[in-house]
Structures are given as structure tokens and as C-alpha cells.
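Residues per chain, in single letters:
Protein chains: 2
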Amino acid sequence: MNAVHKIETVHWVGDVDGQLVLIDQTLLPVAFQEHTCGTVEDVWEAIKMLRVRGAPAIGIAAAYGVCTGLQPFAAADHDSFFDRLDEVVKYLAESRPTAVNLFWALDRMKRHASAMRDAASVREIRIALLKEAQAIHDEDRRMCHEIGRIGAELLTDGQGVLTHCNAGGLATAEYGTALSVFFTAQDQGKQVHVFVDETRPLLQGSRLTAWELKQRGIDATLICDSMAAQVMREGRIQAVITGADRIAANGDSANKIGTYSVAVLARAHDIPFYIAAPSSTFDLSIASGAEIPIEERASEEITHGFGRQTAPEGIAVYNPAFDVTPAELIKAIITERGLIEPVSVQTIAERIGGNA
Amino acid sequence: MNAVHKIETVHWVGDVDGQLVLIDQTLLPVAFQEHTCGTVEDVWEAIKMLRVRGAPAIGIAAAYGVCTGLQPFAAADHDSFFDRLDEVVKYLAESRPTAVNLFWALDRMKRHASAMRDAASVREIRIALLKEAQAIHDEDRRMCHEIGRIGAELLTDGQGVLTHCNAGGLATAEYGTALSVFFTAQDQGKQVHVFVDETRPLLQGSRLTAWELKQRGIDATLICDSMAAQVMREGRIQAVITGADRIAANGDSANKIGTYSVAVLARAHDIPFYIAAPSSTFDLSIASGAEIPIEERASEEITHGFGRQTAPEGIAVYNPAFDVTPAELIKAIITERGLIEPVSVQTIAERIGGNA
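From first to last, the protein sequence lines stand for chains A and B. Counting from 1, one number per residue, gives the positions in the first sequence under our numbering. Counting from 357, one number per residue, gives the positions in the second sequence under our numbering.
Read the hints as simulated data drawn from the structure, not as lab findings. Be careful, since some hints might not be right.
To be clear about the criterion: a stretch of chain A counts as covered by chain B if any three or more of its residues have a C-beta under 8 Å from a C-beta of chain B, and this derived list gives those stretches [what the hints assert, rightly or not]:
1) 5-13
2) 50-56
3) 173-179
4) 238-249
5) 264-273
6) 303-315
Incomplete in silico selection of chain A near chain B, CB under 8 Å [to be verified]:
7) 29
8) 30
9) 82
10) 90
11) 91
12) 95
13) 118
14) 122
15) 230
16) 231
17) 233
18) 320
For glycine and all other residues, C-beta sits at the position ideal for the given N, C-alpha and C.
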């Protein structure tokens, strides 16, 4: 596990008859293993079992999954082929219920095929669909790099930064959102030292973020979530950057549980708190974070989190999966369309308004 | 494990020839098992291996350990008996290097025996030493109850409170310091709902505090450390109470890592933050928390918590065992000598000055 691996969260191998290969994230950080999906059932299983995770990465995997699912229908007539397309899209959409990018990517694939229905052969449509999946993949890659470029301008050589959860390459095509900022800063010759919250209960920080940073040779130090305040107090943090799952029209941002805690602590220590997220993360139909429901997850994530029981039988548990950081604690939001600063209904509408 | 157990962290069974029995805390919360120490080597091992932990509880166990160690010398002459006493005290003092109460209790036992040397038989001295160990035990019990009584006045029926780590009966004779406040409030008929930080890396909150609260029938909810801010924001916490390991003359308080984080979050949400600790926790020779060194512990506590690797091989780790909460974040300190409020050099000197 000390080998350096190129992080390609998902990639397609071969031509239209090829296969989807993805990093099996359930085995990280103990083992780096690629997982080949030869059938649409394999792709469904990989999404369901979190072998691939992170909203953008799930969308890309699903797009390729459509191509995989159509391979057995290479010789079908148009009607059978399009029936199969509907079937595959419906099937993949049921792999995970909440990832918005999944539905968005499947819908885009379906519309692309439909537009060609009367003017192209099944083979031509299959080739076009693979190109469309690759376009989704490429757009995500470019988006991540652009976020990195814009965010890296906020950092200077020698700074310490803190991140929470995994907003890295493993959640996207390659470079990530928050982590893209650190990768880009390093590419520009700026040394940054990243403190990584382990991110209980599922430890995406220690399992995934620490692994990614180490893979890319970035100075990183792992801490428990409860140590962030102490590290800030010691003067070792000059900026906090995290990702987001959903951003309301006023800038209130939902992200992994513990993000709000970090934002409050950053404010108390006069440290700027940034969110890095693509424009697709904004949900302008929601006025504020108060409208974002807080999902609760299984208590076993806390009571049996390390493969061992660490809490008494039957203890009540509260396990909210995310929290909402109010806009007033966010210094700026780093998007591929530019920096949103200050964070307000107006500045967000100006940058992101064209989404709808 | 759903049975209700009387929490007697340590207790002596029988007369001067009896045995020390303690709850094996390394097995909690999965198994409740009492561990009998028939020899001084057994007592030494129990302290060393953290079967008994928490500074006051270690002191009590060591005092009884002296009695155990003298049993084979019941028929010895005075000189041999006192040589053995020196030997036993020295041996037990080496079980753990940092617990101040350990040295204090051993010294007290030794001084008690020495004062009787010329006027009493070996048997009389042995009986007096057992009584002295029981006195140390009883004083701790009374101290905890007094802290509970004084602290419970701060709480009203129906409140939600948050605690961090384990400042409970398992760290003391029976009732604890911070937890004693909750137990006493319940005894007074006040319903309090306790939110328990799991307290990474060693999970004393989920392993010990949650177990104690459940044993005593107190409404308790376990959360990850990163969720405290969210629970505060939801308006579910009206007070935070933790223990302390060492309190400087100005009130700066060292306690388990994450306590400072909780104190900052409490301030941001206008929630009073209290410390519950006996007068023996104050170290008036230290002017402020800046003089308290921050001990770093093994990285494996974070990377391999609970028997499973959850971080990449070779990642740098920062694992401070405690942090210092500055006096200005502490609304009051609850001691057995009364409430110290506001927390200042002067108010502390008034209550605790007699310590030296």
C-alpha cells in the first residue's frame, strides 16, 4: 500500500465494447484494488455498495453503466434497443436514491440517444453514447481543475489548511473540489500543510482524504475531529476548505456532519472558512438551509464503527448524516464559475442564476 | 449486559486479610466483569493495564494495594514489616507514572503507618492501614456527592446537558464529578437528558459514560464529537459539564482532548460551560494553562482504533491527549468546597488557597 497510484476514480477501457474500471473505495486505505464492471449489474452493485461514491463520481459511473448495459443489444433493432435503454436507465436510477448527479447523468444519456433515434444506426448511437459519457467525465475533470485554479489563489506558500470529510478525487472524476485546491496549490509550487479531520462516523477523512493526499505527496496530518479547535488555537491553520452536498439560494451549505462545527471554530479563531463546490451543487429552488432536511443514519455507524462494539447495548444514538453551515460563517464559495464573495442571495444569483 | 450493576469501581471484600475487587474497565461496555486482586502484583497489573483508571480511582486502588501487599508479612517483625511497606509503596508507584493521586495516596498510607510504628503491633498497624484506605475511599465518595449536590443546583428539570469523556463513577469511588451532577439532579427528581460525546480516540464517552448513565437509568444519547455543535444549534443543550485533569491558579483547565472545542462551541451558542472537579485537581503552583505541557500519544490510537486499520500506512498523525480550556470560557467550577464563579485568580485562591 505504499505504492503510488494514479487516482482515476472511474475509467473506461477499450472501445464501445469495453468495460468500466473503478477504484474499489470500500477497500481503501488498506488495499488499493481496481474493480472491473463488465455488466450493468456490476455497475449497479458498485454504486449500491459504495465501491464508487461521491455525487459527481456516481453520475459518471452511471453514464458509463448505460453503455455497458447496451452492449448485449448491439445487434438489436431500434425499438428493442430503445426499450433496453429505458430499462437500463430505470435500473441504474434505483442504485442509490439521493444522489442528484445520478439522475442528471442518466437523463442526459437518454436525451442524447433519443435525439439521434431517427437518423442513426444502433452502432452509431452506441458510439455517441460512449462519447457522451466521456463528455460528462471530461466536464467534471475540467470543473475540478477550474475550482482548483480559482481556490489556489486564496492560499499562499507555507500555510496550514484544514479539511473535513472527502471532497477529493475519489468523489469526482479525478481532482476533487476542496482537495483540488490543495493539489493545484502544490502544482504551483506552494507548499501547503493539510490537516485532515478523520470525520466520524464513517472516517472518510482518514480512509480516503488522508490516502489521496499521501498518494499525491502532499504534507498531511491526520487528527480526530475533536482536535481541530486545538490545532487552530496553536496557530497551525490559516484556512479551512470543505466541499458541500447542497447549497441553498442564500448560501447556507449542507455538508458532512461536523462541517458546521469546524465553521464555528474557524470563526472563533479568525480563520477564513471556504466551501469548494461546482455550480451543480447549488439548489436555487431552496431559499435557505432551514428547508434542507437532516437525514439520520443507522446508530450502528457510531456504536459498532470499527468492526467492534464500542457502546453499551441499547444506548440511544443521534446520527445526523450532515449539518448546515449558515452563509454568514462562509467567507467565500469557490466554484468553477468563479469565487462567490461575499456569500449572499445576490452574489449567488449573479454567478449561478443561469443554472435553472 | 442489560442487567443493572451497582457501580463500585473498587471495593474491599473481607477484613484485613481480604481482597480488592474492581470493575474491569477494559471489558466495558461489552462485558461487566469484576476482577479480584489477591496480591499486590494483581493490583499493580490492574492499574497498569487500565482495568482501573481515573486519577481518584487509581489512588484508592493503590491504597488498598498496600494492604494487600502487607498480608504475607502478617507474622513479620516491625523492621521486616516496614521494609516490606517501603517495597510495596515503591512498587505500586511504578504502575503508572503520571497519576498524581497515586503518589498522594501511597504517601498518605506510608505516613499513617510510620506515625504508629513505635506504639502498635504489626496487626494493629495493618488494621489501621485498611481503615486509612477506607477513609481515602470514603472521602472520595463524599467529595463526589458534594460536587453533585452543588452542581445539581445549576440544573433545572427538563434540561439537556452535554458531557465529554468520562468524569464518572468509574474514574472515582462511585459517583464521579461531572456525572455526579447528573446523578444528583435525578435523585432530586429533575429529569435531565444527557448528550454524550463519544470522545475519540479512546471512546471513553461511548464505552464508559454511556454505560454508566444507562446503568443509572438516566436518559442519554450518544453522539460523535463532531455532532456537538449541531445538537447545540438545535437548542437541545442548556449546559455543558466536564471534568478536569489539572486546573491552574487562574482557572485555565486541562482536560481530555476535545474539551476546549466543546467550550468554544458552547460560547458560540450562549450555553454555559462548567467544570466539575475536586479541590485536589487544582495546581496553584501553575499560574496559567500555558505552563501545562500537552502530552502526545501514540498515532495508532487514531490510525488503528479498536483493532482495525482505518488510515493509510505511514500517514502523519497529531494526537494530543488533552487540551486547555481558558478560564474565560468557563462559567463556573463546581468543587466540593463550593462553586467558583466567576473563575479568576482571586476566587480560586479564596476557595482552594488552603490546599498548599
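Here's how the hints hold up against the structure:
no.: 1; hint: 5-13; verdict: violated (count 0)
no.: 2; hint: 50-56; verdict: violated (count 0)
no.: 3; hint: 173-179; verdict: violated (count 0)
no.: 4; hint: 238-249; verdict: violated (count 0)
no.: 5; hint: 264-273; verdict: holds (count 4)
no.: 6; hint: 303-315; verdict: holds (count 12)
no.: 7; hint: 29; verdict: holds, 4 Å
no.: 8; hint: 30; verdict: holds, 5 Å
no.: 9; hint: 82; verdict: violated, 46 Å
no.: 10; hint: 90; verdict: violated, 36 Å
no.: 11; hint: 91; verdict: violated, 33 Å
no.: 12; hint: 95; verdict: violated, 26 Å
no.: 13; hint: 118; verdict: violated, 52 Å
no.: 14; hint: 122; verdict: violated, 45 Å
no.: 15; hint: 230; verdict: holds, 5 Å
no.: 16; hint: 231; verdict: holds, 7 Å
no.: 17; hint: 233; verdict: holds, 7 Å
no.: 18; hint: 320; verdict: holds, 6 Å
This entry does not satisfy hints 1, 2, 3, 4, 9, 10, 11, 12, 13 and 14, going by the numbered hints stated previously.
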